[in-house]
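Using the sequences plus the hints, can you model the full thing?
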Amino acid sequence: MKRPEPSEYAPYYKNYIDLVKVDNPIKALEDQIIAMQAFLSEIPEERETYRYAEGKWSIKEIVGHLIDTERIFGYRALCIARKDKNSFPGFDENAYVAAANFDSRSFYDLAHEFSIVRESHLSLFKSFTPDAFSEMGLANKQAISVRAILFIMAGHEIHHLKVIRERYLNH
Numbered sequence: 100m101k102r103p104e105p106s107e108y109a110p111y112y113k114n115y116i117d118l119v120k121v122d123n124p125i126k127a128l129e130d131q132i133i134a135m136q137a138f139l140s141e142i143p144e145e146r147e148t149y150r151y152a153e154g155k156w157s158i159k160e161i162v163g164h165l166i167d168t169e170r171i172f173g174y175r176a177l178c179i180a181r182k183d184k185n186s187f188p189g190f191d192e193n194a195y196v197a198a199a200n201f202d203s204r205s206f207y208d209l210a211h212e213f214s215i216v217r218e219s220h221l222s223l224f225k226s227f228t229p230d231a232f233s234e235m236g237l238a239n240k241q242a243i244s245v246r247a248i249l250f251i252m253a254g255h256e257i258h259h260l261k262v263i264r265e266r267y268l269n270h
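Residue 100 is where the sequence shown starts when you use our numbering, and the numbers rise one by one after that.
Hint data in this document are derived by calculation from the structure and do not stem from the laboratory. Check each hint, because a few of them may be wrong.
[Said to hold, decoys possible] No farther apart than 25 Å at their CA atoms in a straight line, the calculated lysine-lysine pairs in the BS3-like style are these:
1. Lys184 x Lys101
2. Lys113 x Lys155
3. Lys182 x Lys155
4. Lys113 x Lys101
5. Lys184 x Lys155
6. Lys182 x Lys101
7. Lys240 x Lys126
8. Lys126 x Lys261
9. Lys101 x Lys120
10. Lys261 x Lys184
11. Lys155 x Lys261
12. Lys101 x Lys155
13. Lys182 x Lys113
14. Lys184 x Lys120
15. Lys240 x Lys261
16. Lys225 x Lys120
17. Lys182 x Lys240
18. Lys155 x Lys225
19. Lys126 x Lys101
20. Lys182 x Lys261
This is how it looks when you write it as structure tokens:
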């Protein structure tokens, strides 16, 4: 699969796409499942609800945000691949996290849910025809391709795990 062209996504997604170093986003998404489980299993329990600054999310909230975002982007990919011409709304990730109460859930439960959601999306993406990945749609009033969504999903996870490493675990 070729990497998405800049015309296939909004400029603010470039950073996520650039973080994905392979040209097969499905393989990247698959590899991330085990890597995510291993990474999360190494986080000390006392750090799960740690916040490096006032108003920042906890590690549990970041994992919950990853789950919510997987669902939203997976839905967008499904709809666009199926040639749905509706425009899909954006979402306020801070409002989602505030309403979710992720810190009250077990870390195991969050990690498990992430894996289940990711596995479900992988089954869906593997069912797409090659042409489906080139389908274009509108999300948050911006043009986006199914291919770009897959790269963004993989890069989004890379971004947040990097943030956890740098700002939550090295203090």
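We went through each hint and held it up to the structure:
no.: 1; hint: Lys184 x Lys101; verdict: holds (23 Å)
no.: 2; hint: Lys113 x Lys155; verdict: holds (23 Å)
no.: 3; hint: Lys182 x Lys155; verdict: violated (38 Å)
no.: 4; hint: Lys113 x Lys101; verdict: holds (15 Å)
no.: 5; hint: Lys184 x Lys155; verdict: violated (36 Å)
no.: 6; hint: Lys182 x Lys101; verdict: holds (20 Å)
no.: 7; hint: Lys240 x Lys126; verdict: violated (29 Å)
no.: 8; hint: Lys126 x Lys261; verdict: holds (20 Å)
no.: 9; hint: Lys101 x Lys120; verdict: holds (12 Å)
no.: 10; hint: Lys261 x Lys184; verdict: violated (35 Å)
no.: 11; hint: Lys155 x Lys261; verdict: holds (15 Å)
no.: 12; hint: Lys101 x Lys155; verdict: violated (36 Å)
no.: 13; hint: Lys182 x Lys113; verdict: holds (24 Å)
no.: 14; hint: Lys184 x Lys120; verdict: violated (31 Å)
no.: 15; hint: Lys240 x Lys261; verdict: violated (28 Å)
no.: 16; hint: Lys225 x Lys120; verdict: holds (20 Å)
no.: 17; hint: Lys182 x Lys240; verdict: holds (16 Å)
no.: 18; hint: Lys155 x Lys225; verdict: violated (35 Å)
no.: 19; hint: Lys126 x Lys101; verdict: holds (13 Å)
no.: 20; hint: Lys182 x Lys261; verdict: violated (34 Å)
Checked against the numbered hints above, the structure breaks hints 3, 5, 7, 10, 12, 14, 15, 18 and 20 and satisfies the rest.
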